[in-house]
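2 protein chains.
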Amino acid sequence: MHLLRLTKRDGRALILYARGPLPDTLEAPSPGTTHVTPNSHLRWHPLRGEWVAYASHRQNRTFLPPPEYNPLAPTTDPAHPTEVPAGPWDVAVFENLFPTLTPLAHDPPELIVPTRPGRGACEVVVFTQDPSTSLGRLPLDHVRLLVDVWAQRYEELGAREDVQYVFPFENRGVEVGVTLHHPHGQIYAYPFVPPVAARELAEQRAHYERHGRGLLADHLRAEITHGPQRILYQGRHAIALVPVCARYPYEVWVAPLRAAASLADLTDAERDDVARALKIVLLKYDGLWQRPFPYIMVFHQAPTDGMPHPEAHAHVELYPAYRMQDRLKYLAGSEVGAGVFTADTLPDDKAAELRAVEVTL
Amino acid sequence: MHLLRLTKRDGRALILYARGPLPDTLEAPSPGTTHVTPNSHLRWHPLRGEWVAYASHRQNRTFLPPPEYNPLAPTTDPAHPTEVPAGPWDVAVFENLFPTLTPLAHDPPELIVPTRPGRGACEVVVFTQDPSTSLGRLPLDHVRLLVDVWAQRYEELGAREDVQYVFPFENRGVEVGVTLHHPHGQIYAYPFVPPVAARELAEQRAHYERHGRGLLADHLRAEITHGPQRILYQGRHAIALVPVCARYPYEVWVAPLRAAASLADLTDAERDDVARALKIVLLKYDGLWQRPFPYIMVFHQAPTDGMPHPEAHAHVELYPAYRMQDRLKYLAGSEVGAGVFTADTLPDDKAAELRAVEVTL
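Going down the list, the sequences are from chains A and B.
Following my numbering, the numbering of the first sequence begins with 172 at its first residue and continues without gaps.
Following my numbering, the numbering of the second sequence begins with 172 at its first residue and continues without gaps.
Careful: at least some of the hints might be erroneous.
[Unchecked claim] Cβ-Cβ distance ranges computed for the label pairs, FRET-style:
(1) H277(A) with G458(B): 57 to 63 Å
(2) T438(A) with H277(B): 43 to 49 Å
(3) A527(B) with A184(A): 37 to 43 Å
(4) P280(B) with A184(A): 30 to 36 Å
(5) L174(A) with H397(B): 48 to 54 Å
(6) V345(A) with Q461(B): 37 to 43 Å
(7) L499(A) with P202(B): 21 to 27 Å
(8) L275(A) with P280(B): 51 to 57 Å
(9) R381(A) with T396(B): 28 to 34 Å
(10) I395(B) with L499(A): 35 to 41 Å
To be clear, the hints were calculated from the coordinates, so they are not data collected in a lab.
By construction, the Cβ of each residue, glycine as well, lies at the ideal position given by its N, Cα and C atoms.
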């Protein structure tokens with residue numbers, strides 16, 4: 172992996188990644204014409220026992236691009252700079268112009284609940300220069316590069332003192348709120364371990380302390396033995412499957428078979444296989460109804476809080492937006508107000524549909 | 172409150188409620204022509220440590236009504252029976268024809284994760300006979316009757332051995348997945364304390380043990396003293412406000428000021444004031460943009476698990492679907508994958524918008 176670090180004129184970092192060498196003559200463009208001074212803060216929600224992030228500067232976006240303007244495409248007209256330069260790069264990562272979390276956050280308001288600065292990072296990950304493709308359609312060695320990029324961001328962001336959890340994700344499709352169609356994801360680096368991760372880690376820790384083995388590794392072994400009909404891909408080092416306890420229709424987990432704590436802990440061979448598993452799942456998704464399949468993809472890894480996490484087993488969870496070809500899965504009263512997911516279909520049936528989709532890498 | 176218990180020919184219960192007397196000559200219609208034998212089961216999600224409900228019979232709905240048919244309107248043509256009879260009732264509650272949870276659930280599959288029958292109840296609450304109105308536009312004494320109905324269902328369902336948590340809610344608007352526009356809500360009666368409620372109760376319990384007072388009551392006192400600009404209504408016994416830690420834009424809590432464990436524990440005067448607070452909020456919602464305002468409304472009350480719950484303080488939480496007039500609030504990566512809500516606006520600003528909406532009861 173080749174890497175070039177640049178700084179935009181407004182101070183934001185840009186990192187370019189490539190499979191081949193990068194000329195060090197590349198410059199970092201920036202679409203902003205005004206100086207942005209992001210600030211944000213966190214408020215403690217006493218009933219839920221969790222932090223809520225407020226970034227009210229995000230509503231004051233002064234930057235109004237022309238309709239055809241794509242800020243994630245390489246800059247071709249210097250009069251209309253985008254977020255990334257022209258050049259032989261494959262993946263670009265830059266700091267979000269309007270971050271929810273930022274190292275610059277300061278002076279949170281004093282309120283009736285505890286508050287703190289919204290420290291951390293919000294990065295945009297441009298998956299490719301090509302605005303018309305998708306993560307799943309990228310060549311395998313390009314997806315493999317992305318695994319390296321996510322791993323590198325985990326290490327670098329996780330090493331920061333204000334970051335306890337590095338969280339890459341992709342929102343794909345207008346159905347999940349995306350307005351920018353250029354293939355891209357995001358990385359949030361939180362100054363605390365977020366509640367969903369904390370819950371998963373607590374369950375994993377309890378299992379590890381009781382059995383001396385990883386919860387997810389044990390679960391994957393059971394799936395392989397007793398649920399082969401839900402497996403979408405099984406390689407030497409990675410697996411993709413519809414879990415027996417899927418909450419979303421077509422929910423898929425992608426994981427290394429070994430209980431590695433993060434993508435950064437994976438060997439080259441393991442990264443190869445995770446990239447392959449991920450690409451296969453995404454191609455099956457798009458092949459199911461012969462159209463782009465909207466989803467939210469999230470990475471769960473070990474916290475970067477300075478504590479040992481032998482219980483953590485890095486994995487990817489994919490939450491599709493649809494439950495049938497023309498029916499969205501809505502999160503309604505039971506899901507959001509009680510936390511109980513209700514499914515109309517069985518994981519075996521959804522897995523069978525996805526297994527039937529043939530894909531070529 | 173007058174109440175009449177009926178049984179549909181398919182065995183499902185129907186209860187009619189009214190402010191005036193109900194003739195005991197009313198009969199319970201049922202639209203179903205085939206006998207339904209619902210079954211469902213729960214699977215344990217080991218990573219999240221929570222139950223997921225599967226009701227695959229819900230996809231085999233044999234009942235296909237004509238397009239203009241409204242199953243929640245009173246039956247006028249005996250050839251096309253609906254779920255409720257004609258008659259002088261104000262509110263009707265019946266067992267969902269395709270329940271996610273049912274007292275009949277049996278023989279869950281044996282899987283690699285723990286399973287159990289999907290015991291409990293799923294009830295439909297028809298708010299009124301008038302298909303063209305809404306909960307907020309009902310007369311105050313009608314909303315007040317509904318508080319009594321929710322309280323009565325809490326007591327009756329909560330007394331069942333297979334029910335540990337009674338959860339009334341309303342999904343309003345196509346934006347949150349509603350396809351039936353007749354004003355109605357639902358009640359799920361879970362055989363366990365669901366995760367969101369469990370989390371809130373744990374936080375309340377810790378506060379109660381430390382301070383000997385309720386967490387929510389203390390919080391409401393602080394809001395009254397330091398956050399009057401977020402209060403939408405304050406009466407002698409109830410309050411409605413945008414909480415300082417709102418996760419959703421325009422999120423509102425409605426609560427009795429006293430730490431009552433459930434609606435059933437409220438005095439008549441408290442029920443009056445809760446009904447008034449709720450109606451005011453809903454009228455403000457609809458008045459904000461002069462159009463029906465979609466939301467999810469959920470009730471959090473004490474579990475009915477046979478344990479004492481001095482920590483529990485019943486309240487209503489309203490989660491709106493929009494963050495601006497033409498922008499939906501999407502739950503994306505950070506919210507669903509990490510559990511961290513990110514807000515672009517401050518609760519004070521959203522409260523100011525709602526406070527500016529004038530309503531008449």
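Cross-check of the supplied hints:
no.	hint	in the structure
1	H277(A) with G458(B): 57 to 63 Å	38 Å, violated
2	T438(A) with H277(B): 43 to 49 Å	48 Å, holds
3	A527(B) with A184(A): 37 to 43 Å	42 Å, holds
4	P280(B) with A184(A): 30 to 36 Å	51 Å, violated
5	L174(A) with H397(B): 48 to 54 Å	49 Å, holds
6	V345(A) with Q461(B): 37 to 43 Å	26 Å, violated
7	L499(A) with P202(B): 21 to 27 Å	25 Å, holds
8	L275(A) with P280(B): 51 to 57 Å	53 Å, holds
9	R381(A) with T396(B): 28 to 34 Å	47 Å, violated
10	I395(B) with L499(A): 35 to 41 Å	40 Å, holds
Hints 1, 4, 6 and 9 from the earlier list are contradicted by this structure; the remaining hints agree with it.
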